[in-house]
Amino acid sequence: MHELMNTAREALHLLISLDPALWEIIGVSFRVSLTAILVALPPALLIALLLARVAFPGRWFAISLVNTFMAVPTVVVGLVLFMLLSRSGPLGELRLLFTQRAMIIGQILLAMPVLTAMLHSTLQSIDQRAWETARQLGAGWWQSLWVLIREARFGVIAAVLAAFGRIIAEVGSAVMIGGNIEHFTRTITTAIALETLKGEFAQGLALGLVLLLLALVLNVLLGVMRGRGHQTVSV
Amino acid sequence: MLEVSQLAHGFDRQPALWEIPHLPWQGLSLVHLRGDNGSGKTTFLRLLAGLETPRQGSIRWTLGGTSVSPPCPGHVLYLHQQPYLFDTSVAGNLRYVARWNGWRGATARDRVAAMLERCGLAAHAQQRARSLSGGERMRLALARAWLLSPRVLLLDEPTASLDRQAIADVSTLISSLHETGCAVVLSAHQPSVLTERCDEYWCLEQRSLQVSVFKQGVAV
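Chains as they are written, first to last, in the UniProt record's numbering: chain A, 1 to 235; chain B, 1 to 220.
None of these hints come from the bench; they were simulated from the model.
What you are looking at is a predicted structure, and each value in this text was computed from that prediction instead of being measured.
There's no promise every hint is true.
To be verified - One side of the interface only, derived from the structure: several residues of chain B facing chain A at Cβ under 7 Å:
#1 Leu-51
#2 Leu-77
#3 Trp-100
To be verified - What the simulated footprint calls covered on chain A by chain B, stretch by stretch (three residues with Cβ under 8 Å from a Cβ of chain B suffice, anywhere in the stretch; the number is not a length):
#4 24-38
#5 117-131
Ideal Cβ placement from N, Cα and C applies to all residues, glycine included.
Just chain A, with the same shape it has in the complex (with noise of 0.2 Å):
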């Protein structure tokens, strides 16, 4: 109990402190993660509006595939984009592996179904007839679909902060191609991860810390955002 009260006062004081190897780690997480949410929310925008409004033969197929792709395993998807950027692999030419570009390609792909499935599930829920006054009061194909997501923003907030939770909180895909490198490739999970190994638990307590108080802002906006949006449907 001593030795852990210790390693969290530790912790604490890395942090306050300003640690230059602590928030390098932070600041790589961060980049990484929030580049692939900025990347994967307008395709999943577009797909899921096109899951949401338009009837196409094999939809209900589609929407139970991207649901079925929110439960694969971060390590799958690890080994997939492994398999892909190794050197032996068809996209090894790229040389991607072992470097931030992969580990946002592997976040954008766990990012995406999240993203997809809770935007399909906020843009059906939007009234029918929102689509139509716009329509009708002259508004545009896309200014139409901008209102559309404009009324939707609760949710859209909502499933970008739960998709980036997932993937800032991930460490099977980010340690598999992204190697884990000092300075480089080495993020939050990942470091906590290599220092609990090597003993050295101040760091990955630290690391920790940072992770549980962006869990505890995340769910924060995310109640604020639910109860917006459930104020919006209800009035």
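Got chain A; can you put chain B on it based on the hints?
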């Protein structure tokens, strides 16, 4: 002017709700559309607005000398029984319309302000649209439509579930809109001040549309 011919519509594989061989309408009058529950009043109005495609037959609107099939955005507008208000302020709802129709700056501001004033909503301009009462919501929906000076308004039970005062306010607004040259077709179950002012009655019954035209209270 409206020209409906050989119109029939129904849902899925059900038999047609009604068949309307011919309906010419000058598109000037205030029309009361009647019919029992399930007679297809809403469907008929939505077909006229182009929000649904008829199973059979054709609907043509002649606007400014050109004959077109619906939808005719900005010209022939259908208002839902519970109008959809965008999740923004009262003025914001009107600003959307201004933006979509290319009005900018002072022009947009002046038109929006004038319409809010005309519809008695100026005091609520910054209020969230969805926090308005039923009558105010309908007035905002009418204001939004009026901003476009439409040729025809198709109103689906505009005074249903409103209290007496709200019915009076909405009726006055619809009458004023009609007086500006906008033809109105409104469906309503209950007779009201508004339906008494109508000079044409369309009744959906026995799978057909019966038309009665009145001039100064006398059937012609």
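Outcome of the hint check:
| no. | hint | verdict |
| --- | --- | --- |
| 1 | Leu-51 | 6 Å, holds |
| 2 | Leu-77 | 5 Å, holds |
| 3 | Trp-100 | 4 Å, holds |
| 4 | 24-38 | violated (count 0) |
| 5 | 117-131 | holds (count 3) |
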